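Let's have the full structure, built from the sequences with the hints guiding it.
Here are the chains, one letter per residue:
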Amino acid sequence: MTAKTNPPESRKPASPELLSRRAFLERVTFILGGIGTLAMSVPLVGYVLAPVFKNDVPKWRPVGKVGDFKVGETVAISFDNAAPLPWDGQTGKTGAWLRRNSETEFIAFALTCTHLGCPVRWMASAELFMCPCHGGVYYKDGSVAAGPPPKPLPRFETRINNGVVEVKTQPVAIQRS
Amino acid sequence: MKDTFKKIWQWVDERTGLGEMLGPQLTHLVPHDARWWYVFGSATLMAFSLQIVTGILLAFTYVPSGGQAYDSLMYITHVQPWGWYLRALHFYGASAMILMMIIHMVQVFAFGSYKYPREMNWLSGVLLFAFTITLGFTGQLMRWDQNAVWSIMVAAEQAGRVPIIGPWLGRFIVGGDVESASTLTKFYALHVFVLPGIILAFIGLHLQLVLKNGISEPPTPGKTVDPATERAEYHELMEKTGVPFWPDAAWRDAVFGVGLLLAIMFCAWYFGAPAMDNPPDPSLTTANPQPDWYLMWYFAVLALMPPQIESVVMVFGPLLMGLLLFSVPFISNSGERHLKKRPWAVGAIVLGAILVGVLWHAASEENWSPHFTEKPLPVEVVQSTDAHVIHGATLFYDRGCINCHAIQGHGGVKGPDLTFIGSKLDASQIILRIANGGKGMPSFAGILKSDEMGDLLAFLQTRKHAPLPYSNNN
Chain A
1 MTAKTNPPES
11 RKPASPELLS
21 RRAFLERVTF
31 ILGGIGTLAM
41 SVPLVGYVLA
51 PVFKNDVPKW
61 RPVGKVGDFK
71 VGETVAISFD
81 NAAPLPWDGQ
91 TGKTGAWLRR
101 NSETEFIAFA
111 LTCTHLGCPV
121 RWMASAELFM
131 CPCHGGVYYK
141 DGSVAAGPPP
151 KPLPRFETRI
161 NNGVVEVKTQ
171 PVAIQRS
Chain B
1 MKDTFKKIWQ
11 WVDERTGLGE
21 MLGPQLTHLV
31 PHDARWWYVF
41 GSATLMAFSL
51 QIVTGILLAF
61 TYVPSGGQAY
71 DSLMYITHVQ
81 PWGWYLRALH
91 FYGASAMILM
101 MIIHMVQVFA
111 FGSYKYPREM
121 NWLSGVLLFA
131 FTITLGFTGQ
141 LMRWDQNAVW
151 SIMVAAEQAG
161 RVPIIGPWLG
171 RFIVGGDVES
181 ASTLTKFYAL
191 HVFVLPGIIL
201 AFIGLHLQLV
211 LKNGISEPPT
221 PGKTVDPATE
231 RAEYHELMEK
241 TGVPFWPDAA
251 WRDAVFGVGL
261 LLAIMFCAWY
271 FGAPAMDNPP
281 DPSLTTANPQ
291 PDWYLMWYFA
301 VLALMPPQIE
311 SVVMVFGPLL
321 MGLLLFSVPF
331 ISNSGERHLK
341 KRPWAVGAIV
351 LGAILVGVLW
361 HAASEENWSP
371 HFTEKPLPVE
381 VVQSTDAHVI
391 HGATLFYDRG
401 CINCHAIQGH
411 GGVKGPDLTF
421 IGSKLDASQI
431 ILRIANGGKG
441 MPSFAGILKS
451 DEMGDLLAFL
461 QTRKHAPLPY
471 SNNN
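Keeping their order, the protein sequence lines are chains A and B. Counted the way my numbering counts, the first sequence spans residues 1 to 177. Counted the way my numbering counts, the second sequence spans residues 1 to 474.
Some hints here could point you the wrong way.
Estimated spans, in silico, between C-beta atoms of each pair [to be verified]:
{"hint": "1", "chain 1": "A", "residue 1": "E103", "chain 2": "B", "residue 2": "I354", "range": "53 to 61 Å"}
{"hint": "2", "chain 1": "A", "residue 1": "Y47", "chain 2": "B", "residue 2": "F326", "range": "30 to 38 Å"}
{"hint": "3", "chain 1": "A", "residue 1": "D56", "chain 2": "B", "residue 2": "L26", "range": "51 to 59 Å"}
{"hint": "4", "chain 1": "A", "residue 1": "K151", "chain 2": "B", "residue 2": "E365", "range": "24 to 32 Å"}
{"hint": "5", "chain 1": "A", "residue 1": "G72", "chain 2": "B", "residue 2": "P376", "range": "20 to 28 Å"}
{"hint": "6", "chain 1": "A", "residue 1": "L85", "chain 2": "B", "residue 2": "G19", "range": "52 to 60 Å"}
{"hint": "7", "chain 1": "A", "residue 1": "I35", "chain 2": "B", "residue 2": "Q25", "range": "32 to 40 Å"}
Chain A stretches covered by chain B per the calculated footprint, using a threshold of three residues with CB under 8 Å from any CB of chain B [what the hints assert, rightly or not]:
{"hint": "8", "region": "46 to 57"}
{"hint": "9", "region": "115 to 125"}
{"hint": "10", "region": "145 to 158"}
Don't read these hints as lab results, they were simulated from the structure. For clarity, every value in this text was computed on a predicted model and none was experimentally measured. The C-beta atom is built at its ideal place from N, Cα and C for all residues, glycine as well.
Here it is in structure tokens:
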């Protein structure tokens with residue numbers, strides 16, 4: 001037989017002293033448990049939420065020599081994230097569309113459609129960006145041509161540094177409602 | 001031999017009390033007429049058990065690293081003996097679990113089994129449903145292919161629509177400024193530790209409730225649930241006509257469960273492991289993120305919602321669905337259980353099935369998306385020797401018209417079919433539409449050169465109904 005019954009004293013009618021002692025012990029247990037849980041959870045929750053509040057310092061990343069790009073063309077580029085980890089692999093890079101607008105002007109568009117974040121494709125001969133998900137279309141300057149996107153394609157900052165085109169990393173654009 | 005086993009069992013049982021603990025549970029009385037409609041809950045559990053086993057085995061080899069997850073899955077699929085089969089089992093096991101769960105839920109709703117005293121059975125079941133769908137979605141992310149990394153972006157963008165805390169939620173899903181290896185490891189931990197753990201705990205609660213409240217007898221029209229007398233009536237019914245669950249009812253669960261396992265094994269062997277998209281290389285821009293089948297209908301919701309209200313739908317839609325499911329036993333927990341006497345319940349099932357069915361169909365057509373795999377129009381479609389018309393047909397492909405418009409079955413379905421456009425619109429109307437565009441169509445005024453517009457027009461004007469035999473105009 002398993003021991004199913006409580007010890008004998010608990011079956012006696014409890015005296016007022018015993019009752020207040022039990023109430024006290026219950027309270028002590030709950031308060032101690034509460035303190036322990038709180039003390040433990042602050043750093044744990046902090047650990048889980050840290051990525052939300054960690055802002056990487058933006059970095060300028062080279063994507064090719066100025067001469068590699070033709071005026072009026074838009075090509076796919078990819079560059080290292082601001083703070084890649086050794087085990088990131090391919091995931092440590094960001095892709096983008098780079099357009100050479102003139103001799104000195106480069107525009108880098110994020111891949112993320114402003115509707116729901118799907119990667120837009122450059123249709124070179126149509127000179128349009130098309131989104132595969134819900135039919136968003138953008139003109140070659142990133143402005144909305146058709147479909148549900150609420151805003152133009154996000155852009156990365158670009159510069160020319162010693163004949164090399166550089167793109168400045170930035171967080172992915174999450175649209176607000 | 002048999003005696004030896006019996007002796008060993010007696011030795012163990014005397015020291016552990018296992019028989020005393022499990023015996024009454026296994027032989028609890030169930031309605032004698034609870035037959036094949038009652039197998040779907042245990043079938044869901046059977047599928048989940050398979051998921052635990054196959055999931056652990058996959059984790060023997062899978063490397064949850066941003067740089068290596070994809071390669072390790074390729075290794076499992078193409079190199080490791082039985083690897084492809086295990087991946088396939090895990091995929092079809094997940095599908096089976098979700099399918100069985102949905103059938104179980106509809107059956108419980110249709111039988112009015114959620115009414116007193118089984119409200120908590122229903123509520124814990126709704127939570128299990130939500131956790132299981134999340135488990136499925138996080139499982140899809142484990143493939144860590146293009147589809148997975150972009151699905152995370154889409155999820156983050158949806159979370160971003162939540163008022164006030166949206167951007168933080170989105171950042172939490174992405175895992176910081178950008179996706180990285182930590183994004184994968186977070187979802188990995190959720191998929192293999194957190195969610196299965198929560199689900200196991202809730203299955204424990206769910207089963208405890210089944211034992212406490214008993215399995216509901218099949219409904220009879222006119223036999224109502226009255227919370228004041230229901231427990232006593234059920235108790236009396238069981239004493240009179242109940243049968244022990246083991247083995248009188250359990251054998252059906254076993255038969256159906258094994259049948260389900262065989263079906264999963266067959267699908268795994270016949271269809272193989274789910275296809276992997278391209279590796280998560282950001283310079284490949286051909287991703288087309290889509291959820292697995294059980295969420296495809298919701299994918300259609302996101303596509304078809306007018307942009308003005310889609311933020312509201314994205315945020316409050318899932319919330320409302322959850323709330324609706326949660327409120328079921330609070331809307332009515334007494335009265336009739338049989339569908340014949342519950343017209344609103346019939347309406348809810350039919351409406352739900354039609355809604356999901358239509359959305360599913362829409363998602364399979366996906367006629368809101370441009371086609372990217374179209375080829376230039378074949379000669380037999382162009383059917384012209386005029387240089388301008390031929391050039392126009394080339395432009396129809398080059399300038400992306402074909403991505404959204406079809407001619408004789410060649411092309412996308414996002415925009416109107418242009419097979420007979422020459423019969424419907426005159427030259428100035430066609431030019432106006434091409435130049436100005438519309439809600440779903442870009443303006444091509446700045447894209448087409450003037451001679452190109454002329455040639456495209458010439459081509460489109462040849463797209464006419466075949467001349468009728470008795471007509472004279474050409």
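Against the structure, the hints come out as follows:
Taking the beta carbon of each, A/E103 and B/I354 are about 59 Å apart, inside 53 to 61 Å as hinted. A hinted range of 30 to 38 Å for the beta carbons of A/Y47 and B/F326 is consistent with their spacing of about 31 Å. Between A/D56 and B/L26 the Cβ separation comes to about 57 Å, which falls inside the hinted range of 51 to 59 Å. Restraint check, A/K151 to B/E365: a C-beta distance of roughly 28 Å satisfies the suggested window 24 to 32 Å.
Distance hint check for A/G72 and B/P376: the Cβ-Cβ separation is about 23 Å, which falls inside the suggested range of 20 to 28 Å. Separated by about 54 Å at the C-beta atoms, A/L85 and B/G19 satisfy the suggested range of 52 to 60 Å. For the pair A/I35 and B/Q25, the supplied restraint of 32 to 40 Å holds, since their beta-carbon distance comes to about 38 Å. Counting residues of the region 46 to 57 of chain A whose beta carbon lies closer than 8 Å to any beta carbon of chain B gives 6, which meets the minimum of three for the stated coverage.
With 10 residues having a beta carbon nearer than 8 Å to a beta carbon of chain B, the region 115 to 125 of chain A meets the requirement of three or more and the stated coverage holds. Judged by the Cβ-Cβ criterion of 8 Å, the region 145 to 158 of chain A is covered by chain B as claimed, because 5 of its residues qualify and three suffice.
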